[in-house]
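Q: Single-letter residue listing:
Protein chains: 4
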Amino acid sequence: MSSAATSATVELTGHLMDTGILARVLDDVLEYGGDYRIESIDIGREHQDESTARVEVRADDHDLLERIVMRLQVHGANAVDPGTATVRPAPSDGVFPEDFYSTTNLDTFVRLEREWIPVDRAEMDCGLVVTEQGGRPLVRNVPVSDVKAGDSVVCGAHGVRVEMTPSVVRGEEEDFGFMSSAVSSEKPQALLVHQIAERMREVKAAGQKVLWVGGPAVVHTGASPAMVRLVRAGYVDILFAGNALATHDIESALFGTSLGVDLSKGSGVPHGHEHHIRAINTIRAAGSIAAAVEKGVLTGGVMHAMVEAGKPFVLVGSVRDDGPLPDVYTDVIEGQRAMRAELPGVGFCIMVATMLHSIATGNILPASIPLVCVDINPATVTKLADRGSAQAMGIVTDIGLFLEQLARELAPEG
Amino acid sequence: MSSAATSATVELTGHLMDTGILARVLDDVLEYGGDYRIESIDIGREHQDESTARVEVRADDHDLLERIVMRLQVHGANAVDPGTATVRPAPSDGVFPEDFYSTTNLDTFVRLEREWIPVDRAEMDCGLVVTEQGGRPLVRNVPVSDVKAGDSVVCGAHGVRVEMTPSVVRGEEEDFGFMSSAVSSEKPQALLVHQIAERMREVKAAGQKVLWVGGPAVVHTGASPAMVRLVRAGYVDILFAGNALATHDIESALFGTSLGVDLSKGSGVPHGHEHHIRAINTIRAAGSIAAAVEKGVLTGGVMHAMVEAGKPFVLVGSVRDDGPLPDVYTDVIEGQRAMRAELPGVGFCIMVATMLHSIATGNILPASIPLVCVDINPATVTKLADRGSAQAMGIVTDIGLFLEQLARELAPEG
Amino acid sequence: MSSAATSATVELTGHLMDTGILARVLDDVLEYGGDYRIESIDIGREHQDESTARVEVRADDHDLLERIVMRLQVHGANAVDPGTATVRPAPSDGVFPEDFYSTTNLDTFVRLEREWIPVDRAEMDCGLVVTEQGGRPLVRNVPVSDVKAGDSVVCGAHGVRVEMTPSVVRGEEEDFGFMSSAVSSEKPQALLVHQIAERMREVKAAGQKVLWVGGPAVVHTGASPAMVRLVRAGYVDILFAGNALATHDIESALFGTSLGVDLSKGSGVPHGHEHHIRAINTIRAAGSIAAAVEKGVLTGGVMHAMVEAGKPFVLVGSVRDDGPLPDVYTDVIEGQRAMRAELPGVGFCIMVATMLHSIATGNILPASIPLVCVDINPATVTKLADRGSAQAMGIVTDIGLFLEQLARELAPEG
Amino acid sequence: MSSAATSATVELTGHLMDTGILARVLDDVLEYGGDYRIESIDIGREHQDESTARVEVRADDHDLLERIVMRLQVHGANAVDPGTATVRPAPSDGVFPEDFYSTTNLDTFVRLEREWIPVDRAEMDCGLVVTEQGGRPLVRNVPVSDVKAGDSVVCGAHGVRVEMTPSVVRGEEEDFGFMSSAVSSEKPQALLVHQIAERMREVKAAGQKVLWVGGPAVVHTGASPAMVRLVRAGYVDILFAGNALATHDIESALFGTSLGVDLSKGSGVPHGHEHHIRAINTIRAAGSIAAAVEKGVLTGGVMHAMVEAGKPFVLVGSVRDDGPLPDVYTDVIEGQRAMRAELPGVGFCIMVATMLHSIATGNILPASIPLVCVDINPATVTKLADRGSAQAMGIVTDIGLFLEQLARELAPEG
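Protein chains in written order, with full-length UniProt numbering: chain A, 1 to 414; chain B, 1 to 414; chain C, 1 to 414; chain D, 1 to 414.
Hint data in this document are derived by calculation from the structure and do not stem from the laboratory.
Hints should not be assumed to be uniformly reliable.
Unchecked claim - The calculated lysine to aspartate or glutamate pairs, modelled on DMTMM-like cross-linking and capped at a C-alpha distance of 20 Å, are:
| # | chain 1 | residue 1 | chain 2 | residue 2 |
| --- | --- | --- | --- | --- |
| 1 | A | 295 | C | 151 |
| 2 | D | 148 | B | 327 |
| 3 | B | 209 | B | 120 |
| 4 | B | 204 | B | 11 |
Everything numeric in this text was worked out from a predicted model, so none of it was measured.
Isolated chain A (complex conformation) (with noise of 0.2 Å):
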């Protein structure tokens, strides 16, 4: 069980001991049916030191090794001797070679004879396709809808190396990451949104976008004005979300008080209402969100903000929508697209109250961008981790809230 066929040493370094992160190499090694043995550990020993460990990871064939090696990579560990890139082509449109190298969200870079070339973009669940430009190699990430026949795919672990940014490498194991350190024992709640609140004013005058991805729970808990008065206030470069979100706020800017009682009881507005279908139906007649506040027909929301703002939003739709708006990507991967057509210059997401768009922001984003995930519902941060987005801070609260409270700090009402 321990030819040299079938064993490689992985590195990793960091804070291996109090992340957890070591613990985890190790299980997935088992978890997969490989096997190893710790080769080295020259710790940290300050608290604050990173430690270095050394890994021979072992296999009953070379395929599981591969396997192996490449998950690893999602915790940070690269092989100790990664050699270079093997390229096959891509089958036919839309399919990889069978063997392809599966991408992590993490910072990556290929050998492809000596040099290591920085992957174009982080995202996970894709492939690494290599092309060339002005004589030079380029490495893109491609998602599996997305290739097509011939194109070169890095195959297989070797010469793919990955890089934990600093913002990961704690992450793991903490809920709040970056907010940790200045935490007093005092209104936490407040205190974390003002944090929130610290991080978003560095964002933008770093030249950053922040980038908000909502579900419809915004509207529902009458934290409209508040999301209005952030969108206003240049705290809102991106909106992602569904159809749902865009159809209450223009139903309620629309058709306004009649709902007040269902937003007073806090919870979902009936379906049954048939207000949304109308509302949808108004601004298909417009033409599109943007039509529809150009003729005067919207004149009030969140969806009316961002078109005055001029800030871009991608809404995507889902099997359970009515209508839907014009302005709704029916296609789910079309919307994916739009919606990694906008990560370019975002230096921090939040994502409010919606599990399906959190989740599917998450897919896209690289680890390196901080993430605030805010939900009553535990469940949707817990489940965001689980799928990979290591770097995820959820804030389990109201909604209402929140928004409320983060609004007060940095768009206080004249």
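Since the structure of chain A is already known, use the hints to place chains B, C and D on it.
A: The following block gives chains B, C and D in isolation, referenced to the frame of chain A:
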């Protein structure tokens, strides 16, 4: 199945159509194995009018009929021909006669001869004991554990009548009873806090007391400073809690910053942290919470504020308690008695973040006292209403932000 | 406020008292800003009798009145004097006239001249389009995305009538509608499974189809073998699902034991396990799930069993999907069309462990088809009922044990 | 910050890398305000080998250092140079000396002079009292409420050592500890039931007892008949519960079919049903549950089966109780004593559907007793583990189907 001996006619009045009370009455008849015939409905034509319905209830035998008629009183339905009460002696201490009348939490009246005598207080699942005072009959509501052998106990449903107070009449269907009229479509959570604040001001202005029931999450969510401000501003007249709230509050006051990180995680404090058991030991050494305040051992937190403000608290233990604190009633029946003793004069009850003590308080509270239950877990609110506290209004929100907002309304910082 | 132009009388029949439907009708009138007067109630005296109520609805203006009357049809309330339908042309593709009649999920009839014409199918939140076939008028239920410019669309509430089917009439109040009669006090969960099995046998005996809607938890809870037995025994005529159920099922069939530990934890499989993306790639390479079965690539699991049994499935994608599998509709509107196309002949629908696809199916399902929703999360069941699928019966239980028990009833192992 | 007076070296042995224990130890040092330096790690190279780590812990003052070293014992970390124990008299009844050693739930040893003396039993958050028996020192684990003035209490962390038993060593990271080896990818829920059944058979074969802790949902989910079969087959040696389980069980036995519909709804029985208070009164009249069985008043249900089988039960009340039953301890501290008295001989503990009594039992249970917690609510399981019962294995499933399956395994019906 419809002989005279086995049927009775009950009458109920109120907003029968739009509250669903009639539906519930009819359901209960069937569920208990009886049958019904609606004799008449005098409809409140306009939506603000009350209706009156008369329903003939039938059962196979007399005992079942009695049980059904008693049961329907929970919904405010009284027999048309109530007769006079039957009274039988309690067979021994702590035991009612077999067919004792089991109380509701509504205002109740007993007819012994001709006159209707009001029962001294309303509490559900108790018995009615008839005594005399100054030559006049007196009817007391007595829990089974307090009845003495030979006490005259009302038996069967004859001669007992209940009355719904206005706050209950509509409460059964609507989560926010008294608040519903003024609700607008904007920021309902913030508005709810505002309305609760308003109600508390009214209750205080009327010379009544505000009763709080709280769980340890008040401390864990960092809401202690807000709670302290509310105590100082006079909005916490009585506090019902368990060992946990007081212990964690005192632990936080004594060991302060050390738990900062835990508080910041929004999660409960792990049991293994032995700080809480040291906090308990410290107070045990002082003799009581009040003694610890007096001696300067305890200088901050909610319990300290209660002692300083001279406001009473009742701490009742549970089987999972460590210690407990010397102030805690370890006998739960004695604890219930202590809680009951604080109820006179209460005009409003607010329950935050505790299922056990909320249900315990709901059990002894008359239905006429308005009741708001605030918890991030919807199950707590639902369970409270299921158990008979029909007047409960539930708010599912974050305790930390909620108390912060409430303190901002009622006790703005200088 | 009561001029002839602004009032209308509606009538509703059924178990008005004990189902709470009348209360809901009256609530809705007030919630929409109208007012009411109960003209008469003809009471079903015995508890099994139906009642009939006539309610005069009043509104400040004609448009509001129309909206209220339309709204009340959700509860089966029809105008006493329905008049004849108004028809207006659709202004452009995908847009209804502004005052279009928005459908319920009840059996619906339209009166164009004298006769009542049944609508071809029931689906909520759609429009009614009038066409001709062989010289006779035909009324079709059309979603907004499918309407064409110039189509004749029914507008306003005049000339439209709905009918409640028996399964719905009582379903609104009771979780287990059809099952309630035979329920005993012993082992209700086991009994519920038995009753669902009985119902499935009846539906099959009547030549109708059983529609399943499933989420990936079917695989994660280890229920695949039970589900396969149900497919083989003929109790799964159609399957609606997303990319996730099919992918994890195929992944489990292709990579088998490797995920054993995760399955055993009862938790979802972490996203980072790239097995699922390899499984997707394998099926993409084969061309389709059926092709993978034919080529011997896929030899086990639920999807394999469906292909072998020649039973149709509709997989509709969502924005969080990886891949997806080649069989998945990436356009959600096309996916909805494909789902609708499978509905004829369905006599029973069971939803297990999926919120997204359950709500999507609830949206297009007529209220006359009995519907059971099984989930360990109570919120899924509640949300489904909130959105208008009043006939939904919810069972909160463990999916793995539930399907195991159901398979034991319907497909005992040789 | 590193003078000799304020540092101590601790050692821990086990699967440090893959269980995350080391990470937790280091976290706790920082959280308590100390600092650390890893002196050495002797790595278990192969994955089945144990590792040993030595960590120097530093603190600003002696008291903090003591507290940290004590805290680390929760994870099985002992001081390398433990010294001998300091003993001080308890200042008064029910009060420990200020710096008393607060226990963990691990096997504990105290060195008074040279020898290590084993503590009589393990229970967390208690104190250690030194006495003599036959000229030999004896160390007893004593809860704060039971200590007497003048008792010799171990103070500080010197001279105290803990030992992790094998079942705990790996339990901290894995939900199903002892079960994990045999888990296959198929039907995990059914398999888990099978494994629990196996473990119960082993425990019984070894002459040990099976302790059950149950909540009223055992009755509400219709699992009573299954539970009765388990009692009769000898797999319920002791039952810990509250007033509710026993009351609803007895109510169901006395009033049988009347609650059928409620049971069928899967929801809890509404409080207003006064049947439970009548059931309580009936048992109070009989004198006790056993007396009611003897007199033929109580003829069925779980409590009846326990009495008939001659098996002990401990019912401890809570503040929300009605009545309570005469067998219920109303003083929770006495209830805890009664529970403790039943622990000797217990080899396995299973908790079903109760948070309050599960945590109470977890508080007094040694970590060496394997513990399974079954609940449909994930929060119960999580909370138990959070509070220090590291050996708890959680199963989130339906109680009714679970007990049915378990009874099928262990007590197949003739």
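Q: If a hint holds in the structure, say so; if it does not, say that too.
A: Against the structure, the hints:
no., hint, verdict
1, 295/A - 151/C, "violated (25 Å)"
2, 148/D - 327/B, "holds (19 Å)"
3, 209/B - 120/B, "holds (19 Å)"
4, 204/B - 11/B, "violated (36 Å)"
Violated hints for the displayed structure, listed by number in ascending order: 1 and 4.
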